[in-house]
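With chain A's structure known, arrange chain B on it following the hints.
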Amino acid sequence: MKTSILIAIIVLADAAGDVFLTRGMKQVGEISTLNPRALLTIGGRVISNKSFLSAIFFIAITFFCFLIVLSWADLSLVFPAKSLVYVLSTLGAKFFLKETVSLQRWTGILLVCLGVALTSLS
Amino acid sequence: MTPTARRTSLRKTILVLVPAIFAQAAGNVLLSMTMKEIGSSHWLPLMPRAVESSALWFGTALLIVSFVLFASTLSWADLSFVVPAVSAEVVVNVVFANYFLQEVVSLTRWTGVLFISVGVILVLRSEREKARQESEEILRSGSP
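Heads up: the protein sequence lines correspond to chains A and B, in order. The first sequence maps to residues 1 to 122 in the working numbering. The second sequence maps to residues 1001 to 1144 in the working numbering.
Wrong hints could be hidden among the right ones.
To be verified - Cross-link-like lysine-lysine pairs, in silico, DSS-like; alpha carbons within 27 angstroms at most: (1) A:Lys82 x A:Lys94; (2) A:Lys98 x B:Lys1012; (3) A:Lys26 x B:Lys1012; (4) A:Lys26 x A:Lys98; (5) A:Lys2 x B:Lys1012.
Stated by the list, open to error - So these bits of chain A aren't anywhere near chain B, every CB distance computed over 10 angstroms: (6) Met1; (7) Ile7; (8) Arg37; (9) Ser48; (10) Ala60.
It is worth saying that the hints were derived from the structure and are not from the lab. Beta carbons are placed, not taken as given, at the ideal position from N, Cα and C, and that holds for glycine.
Bound conformation, chain A alone:
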């Protein structure tokens, strides 16, 4: 039960991190320069962006919960469960970021999710 709750938190926080990160980066705008000074300005805008900071918060939660759950649960159980993030992040992209996700893309994402689960089983 404790493990399931923590895994649920990990998956939700990881997907939320992805969605907030994307929103923050889209708010900052497309990075299309390699000029170091311009990149530094962009970096400053990124780290003061609220969505980006929320993303970092969720990423930190994911990281620490992952460490905590690994202190008693097996990696071969936690990792396959964690691959659900691919599906949840895509749902977040569709509903919160209004991305169009075609059937072909969904199929690809489900295969990736299954593949990641399989590679971590053995």
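Only chain B this time, still in chain A's reference frame:
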């Protein structure tokens, strides 16, 4: 986004994601190598040793580079494209372990690699398809 812009941005996304994938794979290998050397039990008193290890710092630096590149691509590309594309890292890890470290990779793991590879190809194709559909829509509506 115009179809041409989408095609150009697909090239740009791949160009930034490939080093991100390799940096992440190498970073993870370095970190797990260091942590395994130190051992999982009684890790707290051994933390100073981990902090002194240059492999740990290099691994962490690579993971930071990978995150910066990943976040950068999200400034123009779809999350539903970037997230599955980055999973190619698992394929790189398994192939590296088999080829360079001569680790025995189980059939289950190779099956997983195959699934991820097909999945990533489908996601890549879906992005190209998106560009094609958008250009058709523009042609149909008659605008340039």
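Results for each hint:
1. A:Lys82 x A:Lys94: With Cα atoms ~20 angstroms apart, Lys82 (chain A) and Lys94 (chain A) stay inside 27 angstroms; holds.
2. A:Lys98 x B:Lys1012: Between Lys98 (chain A) and Lys1012 (chain B) the Cα gap is close to 22 angstroms, so the pair holds against 27 angstroms.
3. A:Lys26 x B:Lys1012: holds, 16 angstroms
4. A:Lys26 x A:Lys98: Holds, at about 13 angstroms.
5. A:Lys2 x B:Lys1012: violated, 43 angstroms
6. Met1: Nearest chain B Cβ is 24 angstroms from Met1 (chain A), so the label holds.
7. Ile7: holds, 18 angstroms
8. Arg37: About 17 angstroms separates Arg37 (chain A) from the closest Cβ of chain B, which puts it past 10 angstroms; holds.
9. Ser48: holds, 14 angstroms
10. Ala60: Nearest chain B Cβ is 13 angstroms from Ala60 (chain A), so the label holds.
Going down the numbered hints, you'll see the structure goes against just number 5.
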